[in-house]
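Numbering (numbering that gives the first Met the number 0), first residue to last: 0 to 1007.
Rather than coming from a laboratory, the hints here were simulated on the basis of the structure.
As the structure is a computational prediction, the values presented were derived from the model and not from experiment.
EDC-like cross-link-like pairs, simulated, lysine to aspartate or glutamate; straight-line CA separation at most 20 Å:
| no. | residue 1 | residue 2 |
| --- | --- | --- |
| 1 | Lys511 | Asp543 |
| 2 | Lys713 | Glu665 |
| 3 | Lys340 | Asp400 |
Pair ranges (Cβ atoms, derived):
| no. | residue 1 | residue 2 | range |
| --- | --- | --- | --- |
| 4 | Asp430 | Asp237 | 39 to 45 Å |
| 5 | Ser445 | Leu387 | 18 to 24 Å |
| 6 | Glu243 | Lys505 | 55 to 61 Å |
| 7 | Asn179 | Ser445 | 55 to 61 Å |
| 8 | Tyr215 | Leu164 | 28 to 34 Å |
| 9 | Tyr405 | Thr353 | 40 to 46 Å |
| 10 | Ile448 | Thr353 | 35 to 41 Å |
| 11 | Gln662 | Ala573 | 20 to 26 Å |
| 12 | Thr353 | Leu235 | 27 to 33 Å |
| 13 | Asp879 | Asn685 | 34 to 40 Å |
| 14 | Met457 | Ala620 | 38 to 44 Å |
Glycine included, C-beta positions come from ideal geometry on N, C-alpha and C.
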Amino acid sequence: MRKKHLIRNILFIAGAFILLLVILAEIFKEDIVKMAIKKGANTFDVPLVVGEVDFSLLYRFPLATIEFNDLAMLNQLPHPDSLNQHIDTVASISRLYASVDLIELTRGNIFVKKIDIKDAKAKYLVDSLGNSNFDFLFKASETDSTKADEKDTTIVQGVYSLEKLTLSNIDLEYIDEYMNFSGHLNIPNLSINGELEPKGYVAETKGEILLKSIHYADFHLEELKQSSLSFDVSALNDSLEVRELTLNAAGSEITALGTIVTHDSLFVDLNLSGNQIDLSKNIALLPEKMRNELKLKQGGGILNVSGTTKGFISPSSIPQFNINIDLSNALIEYDVYPVVKNIILNSNISSGYTPGLNAAMVNIKQLHAETTRSSVDLSAILKNPNSLEYDIAADISASLDELKPYLQDSSIKKASGLIKAHIKTNGVLPDSITPGFTDKALANTSMNISLHNIAIAMDSIPSVDKLNGKFIFTPGNIKISDFKASIPEYNINITDGIIASSFKGKLSNYKKLDVKLDTFLVAMPQSSIAATGKITGLENIKYDLRSSIKLGLGEIKEMLPDSLANYMGGEIDANISSSGNFHIDSVADKALELLFENSKFNVSLNNVTLEMPDSMMNVTALSGHADYQHDTLKLNKVIGSYLGLDFSADSTTVSNVYTAAVQNNEKELYVRGIFGAGDLDYAWINAFMTDTVPMSEKETQAAIKEQTENPYIKKFTTKINGKARLRSFKYGDIFVENIDTKFLAKVDEGYFVADDMLCSVFDGDARLSVRMDINNNFRDLLQFRSNFSKLDVSRMMDELETFIDQEDFKKENVFGNLSGHMDGRIVMKDYNLIYDSLMVRGDIKLENGSLVNVKPVMAIEKIPMTGLKNLDDLKFSTLDSKIFLYNNELYIPQTQIVTSSFDASFLGMYSLGEDYAYHVRVFLGEILAGKSKANIKKQASDGGFAENEEEAKKGRTPLYLVSKSENGKEKAWWDKESDRKRMINTVRVKQRILGFNFFPEKVTYETE
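Model the full structure from these sequences, guided by the hints.
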């Protein structure tokens, strides 16, 4: 029972207390509300309009609660049409609950603990001049600042300590005509709790903000509608804890969680993330003008970012951070460049574990981008931005067809094909690029580049088509393989190219760089060049190279301009080896020495034919082998044709090529070999001795000046000997075949000898020795020795007619086979015979011959009483004669003629002019049938008839006749003994004179 009374009493007391609160609230309601409004207006100096106001002690007991309805903030603006003021509402609150400390309220202080605002609206307007509807607040603040020293007795003497602020359905609108910006925010709910305590400040806020609309200039911000910001943040003293901070905008979500501490220095511990950030939507926000200025046509992709940061922020340190960036399905189209699509980025950025950025690292795990026909894949690690360390690997595929329109170089007229490259490099990037960095970069770099059907055409250089190949570079090694290319302008078609080389040293010290060429090959369908070797140093160069060259001249011809060659054919194979050393600055001076003294080579020619615009350079079917080493050139089995003349050289050695001929030292250039020629015509040789294109006066004077200013003094001598074979030789009408001889030519001494020369001439055979001494006074001496057999004398007279232009001794006058021996000597000038100098001595024998219509012979037939008949066709079995030629006159000391009807001998002289005198002896018993010796003796009483006992015993009586021509007068008669003796003496005298001037037995024909 007692318990029931207790409960009843408690309820009664509580009810009474509540009733008391209600009564008190109603009694003091108007006073408290008036005081709150007045004090609020005075405090903020803001004109307020309040609708219905209620006061309750029960709503949040023990706090007293004041409820304001339809609260409005007014701004008095001048009315545009009058002097009256225009009242404008800048903010309104549908309902506001203010909970104050009840005890402080009784003391006259409004100590606000909690505020709850519902359905509020605020509008911030800025006109085109920059004036806002909130300017009156700032002006009021300025006015209050001037009265700061005045005591305001109207302000409530109390403390405002807001512990909680709650906002619901708050609309905020901002319109700025000056900035051309507007925005509309809605706060569905927001709560702020805070408390100031002796130990510090404690606060927290939680809520959400929605973006209803936004506009700025030409930006397309429609996509940002319905963006939201959710947050849940608390503060304890100098520590800020972010439990939630989420921004959702344009389909993307960005969040942040963590702690921020502000003390002596700033400390952060945050987790950040951005998910499904659509770059296309973000780029679409930009105005078209800006995108045009940026030349950005389109862009997109999905970006995801996540990261953490933890540590202190100060001028000397930054917090540790770790950020992951993932980009997928991205694309960008910039300016006129191709669309880059399928961009993928997977990367991480971290600070490391040391203060500052010394250990910072960017790890690009994957970067992929592509165009329609090109692509790039890259991975990289970048460390320590203060001294950037890099480790990069890239795979690139570039289509030149696609990139050509975007190349800025106007000289590139054509570019097509595909380039693929794999590149790896690592190192430390210095402050500036130095030679030392280049060395280190190459030592840490490798690349593999492949070319596929590349075609390039540029101004001023030949175009290249069908370029293929692989280029591989590793530290210290370079390799090129599968190289192929076509250069249409020069008809060059490279079917294979290989280079394999290695090097030691640094590019910064290239002077000491060592290069080893393991393989070098450039091949075409018919030609190739291959080489191996080593080069030490690129200043003081030491080298050792081996090369092999094969040239298909038909192919080479297609590479040359048409003006350079009319036709080229055949093959040339060459092997060259060279080693030596030289300074790079003296390479021009050392080139010949390196070529001739430090090199050796062999060349094989196979059916080489050259037809050049200058016919003097023509050669046909040239084949053979040439070897050069140790200053000696050797020729073997060389055959060919030069300007229609077949030639050959075999077992031929040319000694001292460099030390004598090239260096022009006082040394002998010695040539020895076996040489041959085909059908040689002296007219062919004479063509070389005639200047077919005479120089103009200007050219002549220039040549004289050059010779005067830079005279060439030949110091070396030339000696040539060996054997020579000619199929035939033609000199005028003279035709000689099957020539085979030994020879010697001492060119500088003017000494030329052909010895033991075998040949076929005039349908017979001959063995000759010829010597020619050329003097500096242009009067040259030609000497010869000959043995001949069975020469067709008629043919000989026919072919020698040009040189022996005698009416009575032509091909139709003399017949038979000529044999014998003859020595001769003649002086020549400018390669022409001086006939007056001709000296000849010899023995000849004419067999089975005849003299036809020879005037000196026919004239004898007319001598009366001789009985000689048919001398117009004098046939004989042999004609033996000793002859010599001196002073343009042919002397016949003795001649024996044997015919079928008589024997005869004669001596005499025949001038190469028109005079002659032949003294003939015939035997009477052989020609006088039925004639009386007495009558003949009477007729030839002055020595024309003589009886000889020995001859008489044989039945032979000599008869002496003479046939002569003198000053054009011909005469044949019985010979006088005195005339005969005079002729004998004349012949002897001339023979002795010849003997004083002509010593054939002393002439040597040395060929060694």
